[in-house]
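Line by line, the protein sequences are chains A and B. Quick note, the first sequence lines up with residues 1 to 538 if you use this note's numbering. Quick note, the second sequence lines up with residues 1 to 334 if you use this note's numbering.
It is worth saying that the hints were derived from the structure and are not from the lab. All C-beta atoms, glycine included, are put in the ideal place defined by N, C-alpha and C. Please note: incorrect hints may appear among the correct ones.
[Said to hold, decoys possible] With the C-beta cut set under 10 Å, the calculated list includes, among others, these residues of chain A facing chain B:
hint: 1; residue: 127
hint: 2; residue: 141
hint: 3; residue: 421
hint: 4; residue: 427
[Said to hold, decoys possible] Now the in silico label distances, taken between C-beta atoms and shown as ranges:
hint: 5; chain 1: B; residue 1: 171; chain 2: A; residue 2: 431; range: 53 to 61 Å
hint: 6; chain 1: B; residue 1: 111; chain 2: A; residue 2: 192; range: 46 to 54 Å
hint: 7; chain 1: A; residue 1: 120; chain 2: B; residue 2: 145; range: 20 to 28 Å
hint: 8; chain 1: B; residue 1: 319; chain 2: A; residue 2: 538; range: 32 to 40 Å
hint: 9; chain 1: B; residue 1: 66; chain 2: A; residue 2: 123; range: 19 to 27 Å
hint: 10; chain 1: B; residue 1: 179; chain 2: A; residue 2: 140; range: 21 to 29 Å
hint: 11; chain 1: B; residue 1: 172; chain 2: A; residue 2: 120; range: 31 to 39 Å
hint: 12; chain 1: A; residue 1: 374; chain 2: B; residue 2: 272; range: 49 to 57 Å
hint: 13; chain 1: B; residue 1: 135; chain 2: A; residue 2: 431; range: 37 to 45 Å
hint: 14; chain 1: A; residue 1: 122; chain 2: B; residue 2: 179; range: 56 to 64 Å
hint: 15; chain 1: A; residue 1: 415; chain 2: B; residue 2: 229; range: 57 to 65 Å
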Amino acid sequence: MTLALTGCVQSQRDSGTDDSAAPESDVNSTFIFGASADPSGLDPAFASDGETFRISRQIFEGLVGVEPGTADPAPLLATDWESNEEGTSYTFDLQEGVTFHDGTEFNAEAVCANFDRWYNWTGLTATESLSYYYGSLYGGFAGDENALYESCSADDELTATVNLTRPFSGFIASLSLPAFAMQSPTALEEYGADDVGGSEEAPEYSEYGEAHPTGTGPFVFESWSPGSEVVLQANPDYWGEQGQVQEIVFRVIDDPTARRQALESGDIDGYDLVAPADTAALDEAGFNVMQRDPFTILYLGFNQQIPELQDIRVRQAIAHAIDREALVTQVLPEGTEVASQFIPPVVNGYNEDVTDYEYDPARAQELLAEAGFADGLSLQFNYPVNVSRPYMPNPEQIFTALSSQLEAVGITVEPVADEWTDYLDRMRGTADHGIHLLGWTGDYNDTDNFVGVFFNGYSNEWGFENAELFGALTEARQIPQPEDATEAYQEINEQIAQFVPGVPLAHPAPSLAFAERVTSYPASPVNDEVFNMIELSE
Amino acid sequence: MLRTIGKRLLLLIPTLFGLTVLLFFWVRALPGGPAAALLGERATPEAIERINEAYGFNRPLPEQYITWLGRLLQGDFGNSIETRRPVLEEFANRFPATVELAVMALIIAVGIGIPLGYWAARHHGRFIDHISVAGSLVGITIPVFFLAFILKWIFAVQLGWLPSTGRQDRGVDATHVTGFYVLDGLLTGELDASLNAIVHLLLPAIALATIPLAIIVRITRASVLEVVNADYVRTGRAKGIAQSTIRNRFVLRNAMLPVVTTIGLQAGLLISGAVLTETVFAFPGIGAFLAGAIFARDFPVLQGFVLFIALSYALINLLVDISYSFIDPRVRIQ
Numbered sequence: 001m002t003l004a005l006t007g008c009v010q011s012q013r014d015s016g017t018d019d020s021a022a023p024e025s026d027v028n029s030t031f032i033f034g035a036s037a038d039p040s041g042l043d044p045a046f047a048s049d050g051e052t053f054r055i056s057r058q059i060f061e062g063l064v065g066v067e068p069g070t071a072d073p074a075p076l077l078a079t080d081w082e083s084n085e086e087g088t089s090y091t092f093d094l095q096e097g098v099t100f101h102d103g104t105e106f107n108a109e110a111v112c113a114n115f116d117r118w119y120n121w122t123g124l125t126a127t128e129s130l131s132y133y134y135g136s137l138y139g140g141f142a143g144d145e146n147a148l149y150e151s152c153s154a155d156d157e158l159t160a161t162v163n164l165t166r167p168f169s170g171f172i173a174s175l176s177l178p179a180f181a182m183q184s185p186t187a188l189e190e191y192g193a194d195d196v197g198g199s200e201e202a203p204e205y206s207e208y209g210e211a212h213p214t215g216t217g218p219f220v221f222e223s224w225s226p227g228s229e230v231v232l233q234a235n236p237d238y239w240g241e242q243g244q245v246q247e248i249v250f251r252v253i254d255d256p257t258a259r260r261q262a263l264e265s266g267d268i269d270g271y272d273l274v275a276p277a278d279t280a281a282l283d284e285a286g287f288n289v290m291q292r293d294p295f296t297i298l299y300l301g302f303n304q305q306i307p308e309l310q311d312i313r314v315r316q317a318i319a320h321a322i323d324r325e326a327l328v329t330q331v332l333p334e335g336t337e338v339a340s341q342f343i344p345p346v347v348n349g350y351n352e353d354v355t356d357y358e359y360d361p362a363r364a365q366e367l368l369a370e371a372g373f374a375d376g377l378s379l380q381f382n383y384p385v386n387v388s389r390p391y392m393p394n395p396e397q398i399f400t401a402l403s404s405q406l407e408a409v410g411i412t413v414e415p416v417a418d419e420w421t422d423y424l425d426r427m428r429g430t431a432d433h434g435i436h437l438l439g440w441t442g443d444y445n446d447t448d449n450f451v452g453v454f455f456n457g458y459s460n461e462w463g464f465e466n467a468e469l470f471g472a473l474t475e476a477r478q479i480p481q482p483e484d485a486t487e488a489y490q491e492i493n494e495q496i497a498q499f500v501p502g503v504p505l506a507h508p509a510p511s512l513a514f515a516e517r518v519t520s521y522p523a524s525p526v527n528d529e530v531f532n533m534i535e536l537s538e
Numbered sequence: 001m002l003r004t005i006g007k008r009l010l011l012l013i014p015t016l017f018g019l020t021v022l023l024f025f026w027v028r029a030l031p032g033g034p035a036a037a038l039l040g041e042r043a044t045p046e047a048i049e050r051i052n053e054a055y056g057f058n059r060p061l062p063e064q065y066i067t068w069l070g071r072l073l074q075g076d077f078g079n080s081i082e083t084r085r086p087v088l089e090e091f092a093n094r095f096p097a098t099v100e101l102a103v104m105a106l107i108i109a110v111g112i113g114i115p116l117g118y119w120a121a122r123h124h125g126r127f128i129d130h131i132s133v134a135g136s137l138v139g140i141t142i143p144v145f146f147l148a149f150i151l152k153w154i155f156a157v158q159l160g161w162l163p164s165t166g167r168q169d170r171g172v173d174a175t176h177v178t179g180f181y182v183l184d185g186l187l188t189g190e191l192d193a194s195l196n197a198i199v200h201l202l203l204p205a206i207a208l209a210t211i212p213l214a215i216i217v218r219i220t221r222a223s224v225l226e227v228v229n230a231d232y233v234r235t236g237r238a239k240g241i242a243q244s245t246i247r248n249r250f251v252l253r254n255a256m257l258p259v260v261t262t263i264g265l266q267a268g269l270l271i272s273g274a275v276l277t278e279t280v281f282a283f284p285g286i287g288a289f290l291a292g293a294i295f296a297r298d299f300p301v302l303q304g305f306v307l308f309i310a311l312s313y314a315l316i317n318l319l320v321d322i323s324y325s326f327i328d329p330r331v332r333i334q
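Whole structure, please, built from the sequences with the hints as guidance.
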């Protein structure tokens, strides 16, 4: 029983507004979700991981939200916004009548307090391990000449203006990230949110980040028992729709099989990233298995520090040797789409007419022969083991499928497998790898958050210099309005396809599984899932 | 005897010091580092460099070691890189859970293992003996995580008799005083809470107990077999001493020495066995946490936890040695 989610959610939003929010008495209004890990803290500004953001999305809201079921920005705490022509100044109209959980009013001053807080981080608070998103998207902090943020002013109670030093086309979309959610200035101050103290080697949680997260969202923080669970309660004063769920428990179960068994035994109501091998069995047993629209890319990368891979004919040959359709049907989860470029279809700049290297083993052999490898070619093939990523649920199986396809055209594969951390280290830190599996899960709807991550400059992973491509990406990033960047990104995608730095393989769709009583869940490609939209039948 | 115990405790100091050296360099010999683990796909060489700089991981190893040791001597074990909490606090929060699990497993292993071993020995060569020997062989060879999954599948998923995860149900009124949930319930009079915690302990404890149980059965059986044929037992019988006296004072007491040694060794191993069991049952003890720390290359946690575990292992063995002198008056710890 696979539910069509997007439609479901949409209809509830439409009809739900005039319904009374009171929970039905015969429904167990506690929703227990099986989380794969503890949150890394409760202050989303200092987080970059999915489990933390899943909890943050219940407690906090940003100026910008996400259109349900899509990756597109939508009004949330800001009802509307406008930018100047240059894209360096944004004026936000704010939602009226919103208060933070501690009673502090949400207004323009609160907005500016948050922007100023991020900008003024120093020392440890300004490192990637804490403020990853602000650091990487906003160019730097106070005193940094590369900093994107300039100032914020409260024009009146419900109007705030944010000024930037230069245009950034992903600005609005980026504000939908939980890392940029609005937090109560009073609580931030009272509980010393930025006192992550200790020493440099031993950063410590602030009191705020451990026990006092204070936002405007539909759920209020109650408790966190590390290693066991995080508990939230419905916010009785929520400005939006309250929903059926009155209590959320995020129970930490780090083993994937244990999560499945916990669902089967009724200990939890649902969990994320269901193993592809489990979906069919759970579905048959009457559980609700759901797929998010893919917002991922899995690719086979080429390291051009390897001489053979510097020959474009070899790269094209590998692209022709791979049967992506077969890969998707054989080893990837239901809902996965075949990829033709390095961004998923819902992202701005997706090029329908991009050069595609169709599966053609004969052509692959021809190209190899032209390149002087008629007698065969031997390549190192790197892949990680014992890891499951949203874009790569089963690297071992993907490797097996691809290597047999490559062997079929006369490419001998030398497998090199590593544990996940070592694998990333090898990709990012060394030149010692050949063709390899890797990918990305998008954070928000910004093309640069995909192609810019891979190709914004020389890297060990890809090992090539391409001034034309690097330059085009830098330029595209500075186009003020995302709409205007569409064409530039379409061209970039074609440019990438011509250059064949790797083969985009698929856009795997992450699966979720729920107990039968969960009749609707707001599955979102960018994981913008707020549990007040959940519907329970018993 | 107090002096001897004092001496043994003093001996712990050089042992633990040696361990700090081994641990420190072993942990750093693991490929990949905490920065890469922390950043995942987002790890660029520059970002890794900045984090290593901030945490001091790029300084010379001997310098890092001395800094760590210096803090250690002041009782500062540092903070977990992943959870950012003090290592000591993380340990203290989780240790009671593991101890409860280990004690429960030990109760099962000893409570069943000794009578079963004795029984097998008394029926030496008969069907029941063969069964227990074969059964204990299975018990030793079956992988703990496999057994854990099977137990869970039968008793939690199919039958729904026992919970599959956690230490205590939500909704149970429980005041936590010591962190030992079973004990807490007894102390505060919340017997439901105690019972609920015991129910949660059952499956993981059974899974964890199988190997020690099997070993205890075998050792008890062998040791009883040896003693029942000893001269003094025969003499005792010849003198007409009551059967129960012979069993309790002659056979069991003498047969217990090797069994107690085994139990001591197993008690230490239970803590390492807990790594797998706790992961499978999402049981919030030190085992599951330590497993996560290895993948995250959480240096301070690995170093601190292993030190604590080594310390508790050493203390358990000291207790075992002391208990010898009660069982066998000839043994005096020197």
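Hints and how they fare:
no.	hint	result
1	127	holds, 5 Å
2	141	violated, 13 Å
3	421	holds, 4 Å
4	427	holds, 9 Å
5	B:171 with A:431: 53 to 61 Å	holds, 56 Å
6	B:111 with A:192: 46 to 54 Å	holds, 51 Å
7	A:120 with B:145: 20 to 28 Å	violated, 48 Å
8	B:319 with A:538: 32 to 40 Å	violated, 52 Å
9	B:66 with A:123: 19 to 27 Å	holds, 24 Å
10	B:179 with A:140: 21 to 29 Å	violated, 44 Å
11	B:172 with A:120: 31 to 39 Å	violated, 45 Å
12	A:374 with B:272: 49 to 57 Å	holds, 55 Å
13	B:135 with A:431: 37 to 45 Å	violated, 55 Å
14	A:122 with B:179: 56 to 64 Å	violated, 38 Å
15	A:415 with B:229: 57 to 65 Å	holds, 58 Å
The structure fails hints 2, 7, 8, 10, 11, 13, 14 (numbered hints given earlier, in ascending order).
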